[in-house]
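Trainee: Based on these hints, arrange chains B and C on the given structure of chain A.
Here the protein sequences line up with chains A, B and C, keeping their order.
My numbering applies: residue 47 is where the first sequence begins, and numbers increase by one.
My numbering applies: residue 103 is where the second sequence begins, and numbers increase by one.
My numbering applies: residue 44 is where the third sequence begins, and numbers increase by one.
No wet-lab data here; the hints were simulated from the structure.
We put the CB at the ideal spot given by N, CA and C, even for glycine.
Check the hints yourself; a few may be wrong.
As the list claims (entries may be wrong) - Short, incomplete list of chain B residues facing chain A, as computed with Cβ under 7 Å:
hint, residue
1, LEU172
2, ALA199
3, MET204
4, PHE206
5, THR211
6, SER212
7, ASN214
8, ARG216
9, ARG218
10, GLY226
11, ILE229
12, VAL233
13, LEU364
What the hints assert, rightly or not - Non-contacting residues of chain A with respect to chain B, defined by C-beta distances greater than 10 Å in every case (computed):
hint, residue
14, VAL85
15, LEU91
16, ASP108
17, ILE187
18, ILE194
19, ILE198
20, LEU200
21, GLY205
22, ALA233
23, ARG235
24, GLY238
25, VAL245
26, GLY275
27, ALA320
28, VAL327
29, ASP335
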Amino acid sequence: MSGTTTAAPAQAVDSPRTDTSRGDAARRVPVRVWIGAGVLALFVLAALVGPLLHPYDPVATDLPNRLLSPGERTDGGDIAWLGTDQMGRDLLANLLAGARISLLVAAATILVGGAVGLVVGLVSGYFGGWPDTIASRIGDIQLAFPSILLAILLAGVLGPSVTNIVITLAITRWVIFARVARASAMATRKLGFVDSARVLGAGHVRIMVRHVLPSLWQPLLVAATVQVGLVMVAEASLSFLGLGVPVDTSSWGATVSVGRDYLGSAWWISTMPAAALALVVTAVGVIGDGFRDASDPRSQI
Amino acid sequence: MSTTRTSPEALLHIRDLHAGYTVPGRSGLGRRRVDAVAGVDLTVRPGQTVCIVGESGCGKSTLARSVVGLLEPFAGSVSFAGLDLATAGRRERRRVAHDLQMVFQDPYTSLNPRMRVAEIVAEGWHIHRDVVAPAEHATEVARLLTQVGLDASYATRRLHELSGGQCQRVSIARALALRPKLIVCDEAVSALDVSVRAQILNLLADLQRELGIAYLFISHDLDVVRHIADEVAVMYLGTIVERGTAAQVFESPQHPYTQALLKAAPSVHDRPGAAKDLPLTGEVPSPSSPPTGCRFRTRCPLATDICESEAPELRVRNGGDHPAACHFAG
Amino acid sequence: MPATTVETPAETPAAARLRDVHIAFGPREVVRGVDLDLVPGRVTALVGESGSGKSLTSLALMGLLPPGAAVSAGTVEIDGRDTAGFTDAQWRELRGAQVAMVFQDPMAALNPSFTIGWQIAETLRRRGTGRRAARERAVELMRTVGIPDAEAKYGAYPHEFSGGMRQRAVIAMALTLDPAVLLADEPTTALDVTVQAQILRLLAARQTDAGMAMLLVSHDLGVVARVAQDVAVMYAGRIVETGALDDVYTAPAHPYTRGLLDAVPDPARPGRLVPIDGQPPAPGGLPAGCAFAPRCPYATEVCRTEDPQLSAVGQGHGAACHHSDKVQAQATDVEAAS
Chain A
47 MSGTTTAAPA QAVDSPRTDT SRGDAARRVP VRVWIGAGVL ALFVLAALVG
97 PLLHPYDPVA TDLPNRLLSP GERTDGGDIA WLGTDQMGRD LLANLLAGAR
147 ISLLVAAATI LVGGAVGLVV GLVSGYFGGW PDTIASRIGD IQLAFPSILL
197 AILLAGVLGP SVTNIVITLA ITRWVIFARV ARASAMATRK LGFVDSARVL
247 GAGHVRIMVR HVLPSLWQPL LVAATVQVGL VMVAEASLSF LGLGVPVDTS
297 SWGATVSVGR DYLGSAWWIS TMPAAALALV VTAVGVIGDG FRDASDPRSQ
347 I
Chain B
103 MSTTRTSPEA LLHIRDLHAG YTVPGRSGLG RRRVDAVAGV DLTVRPGQTV
153 CIVGESGCGK STLARSVVGL LEPFAGSVSF AGLDLATAGR RERRRVAHDL
203 QMVFQDPYTS LNPRMRVAEI VAEGWHIHRD VVAPAEHATE VARLLTQVGL
253 DASYATRRLH ELSGGQCQRV SIARALALRP KLIVCDEAVS ALDVSVRAQI
303 LNLLADLQRE LGIAYLFISH DLDVVRHIAD EVAVMYLGTI VERGTAAQVF
353 ESPQHPYTQA LLKAAPSVHD RPGAAKDLPL TGEVPSPSSP PTGCRFRTRC
403 PLATDICESE APELRVRNGG DHPAACHFAG
Chain C
44 MPATTVETPA ETPAAARLRD VHIAFGPREV VRGVDLDLVP GRVTALVGES
94 GSGKSLTSLA LMGLLPPGAA VSAGTVEIDG RDTAGFTDAQ WRELRGAQVA
144 MVFQDPMAAL NPSFTIGWQI AETLRRRGTG RRAARERAVE LMRTVGIPDA
194 EAKYGAYPHE FSGGMRQRAV IAMALTLDPA VLLADEPTTA LDVTVQAQIL
244 RLLAARQTDA GMAMLLVSHD LGVVARVAQD VAVMYAGRIV ETGALDDVYT
294 APAHPYTRGL LDAVPDPARP GRLVPIDGQP PAPGGLPAGC AFAPRCPYAT
344 EVCRTEDPQL SAVGQGHGAA CHHSDKVQAQ ATDVEAAS
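With the rest of the complex left out, here is chain A (with noise of 0.2 Å):
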């Protein structure tokens, strides 16, 4: 027999749908996805390089040229393209080591939260049962309480600092990505292949890795892009409150915060870094959209 070496086509029902080419068309990326990427990429380029190249001090106050407008010159001659705040400083300069923060603080939410998230989802979606009942009762009970509350509450314990911040968003945030991993682990477990392997003798923990957790990934990403907006905006929202980062750390919620009681006087101090942070957000909205039509077979027709 060995010496047949072909065989012949699919299934025997001949589905035009089969027919239809699939693929290039489908791959190709949109050029506002290449846009949403080029803002980002920008504002990371800034966030790294821009402290190192326009330097901020929080503490300098620096009153003849404070409340400068955009475009002016400070009696140094340097140009305050941003203009300055209350105290004198470059609204430039803050708004570079704002995003830092600003950007630290939702990366690194959206990891440890998808972690926690990813495992959990992946357990109890995987497993069902008692496991899964309890997950997602304890999910269910957070989400009933709207998270800027249950924020506010953790930030106000725990103290203001950067590693507090990520930490209470963190806990605001895991049980999307859990809820998302859920339902990708429990539609993946019904899969053929699943059995396949529990057949050949897999254990558990390799059927989880190997074959259910390759096909979590991109329905996370796409959940995380759509959160790392909403955690930026809940850090803008928690510095706002003064629960934030603390007081001798820029970032963009904390300077929309100082430039409220400007707003008549100078509008820039919280335009600007609002109109950074709605900029990152939709850069990345438009980026989750692209990994969902990419892999949401239904939009591509």
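Mentor: Chains B and C only, in chain A's frame:
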């Protein structure tokens, strides 16, 4: 004919197996058992092909899943090479996995699309490390692929580059990798085109001859079953209604269901107009509320009062040469 | 390319007619010149394996080609009207009334949110039948397709029906407007053997009663043998053999038809099966000459250079093969020997 006692040479021995699923109880409290398999006895000997034939809902797939351990039976026993799988420990059951493999109906869903052919075939060796040394994985994969009629170069391909028949060959290679004594084939050729189906059936026959593998072959396709079976068991609504050699069952069917099934199956030798009489009306009742007495009586042209009150045993009657579960067999 | 038309045994004009129909997905031709006449009162089977183009051919008759596919050449004529350039509205007018279809999966053809009876009646009401009359006609149709207790089942939802009953309901829907042509694409593939037999019998009975033309698309040679009078065998987008069922099955003139028939296990021939070697070519990757040549045991030099046209090998029996005489001669030998 075969009895329910364990014969020493039996490879797979199923005794009074009940298996299925549970549904919410009628009162809304607790869960109620639905026996998709309701008391099945079956024996497979080494190197033998035993076919289970029946329509959807007859419990043949539930039976297959119970045999390979994908489903915990409610009651009864499945023993493999003398080892009772219900009472065996985890380690023993894993060792049985060597000898007891399965090929599924749809190769596209039963194989992980993210893996390459070589990884699919070799996966069992990562679980049972004593079968093939890691250094020899590549050569052994190549040998297996050749054995199932694929070029060794397919090792690096992914499933979506392969046709249905080629995927099914990969499934077979994956099962063979653990050097099994029995392969359960659950509708393994049903999704394939006619010409490819013939290729795969030939391959299965060749492997049996070369390696002495036994098959428990589940199918609804009577042409295929008649072609490959040594023994046939006909299932209806969770029970075996007739059992015998292929010749016995196909040439002198004893049970009215078998007779109807054989008449209903379309054949290339049929001609329009030469309509066969169709005694069967209606469809298979739900296994959650099977009829009393004989499970087939609601569709049976011969049914009388006794069929309603008394379930017929599977035994030889009236000088017949093989067992059937019908009061009027023979 | 103009294929030689084999005379169909038709005195009545065809209810639907395909002439040299090509169907393409962009540059890839999947159906490559099909001629087919669907004659009132006759069942024609379109046989082939996956990817042969048989389903696309039947969908073209409904104007229901999947997105990206289009009839790129040839004519699709229904009731004497060329459908080229038909608008959606024109197709909708035709569907149901002239051409109706029974699909493989009845659940896909039924809307799960509406009752079976309502869905049948709706077709009538859209065409202006009154509410009460539509209901009565729907119940009557349900009765004709063998749905027991039709009056009570009128209000049942699709999920309350078994697979066989659903397919009966789909057949009732297809018959609602007395179409001249009934297309049945693998109508029993998803059903059990005993139910399949019931549905085939039902389809044949309705077809005979109404004198419809019916096109049965199937990969199952046994199902075809039970219902069809005429057969057209498709391979790689083209009809390679056509004729009366008896002629094609007993004296196949194309090696592919022979291969298909031989690949079916036959109790009279135990032992190894005779599969067709290799696999069908991908659309767009067709070999020069005859598309079947690479898999064909009869292939010679001429097959690799010259594409054979459908030509007569008997009364109303045509095959697209350079060596059909040899194929037939050998088939007769085998018949005689067995």
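Trainee: Run every hint past the structure and note whether it holds.
Mentor: Hints and how they fare:
no. : hint   : in the structure
1   : LEU172 : holds, 5 Å
2   : ALA199 : holds, 3 Å
3   : MET204 : holds, 5 Å
4   : PHE206 : holds, 6 Å
5   : THR211 : holds, 4 Å
6   : SER212 : holds, 4 Å
7   : ASN214 : holds, 4 Å
8   : ARG216 : holds, 5 Å
9   : ARG218 : violated, 13 Å
10  : GLY226 : holds, 5 Å
11  : ILE229 : holds, 5 Å
12  : VAL233 : violated, 11 Å
13  : LEU364 : violated, 22 Å
14  : VAL85  : holds, 32 Å
15  : LEU91  : holds, 34 Å
16  : ASP108 : holds, 58 Å
17  : ILE187 : holds, 25 Å
18  : ILE194 : holds, 39 Å
19  : ILE198 : holds, 42 Å
20  : LEU200 : holds, 38 Å
21  : GLY205 : holds, 45 Å
22  : ALA233 : holds, 12 Å
23  : ARG235 : holds, 12 Å
24  : GLY238 : violated, 4 Å
25  : VAL245 : violated, 5 Å
26  : GLY275 : holds, 30 Å
27  : ALA320 : holds, 43 Å
28  : VAL327 : holds, 32 Å
29  : ASP335 : holds, 24 Å
Against the hints set out earlier in the document, violations occur for numbers 9, 12, 13, 24 and 25.
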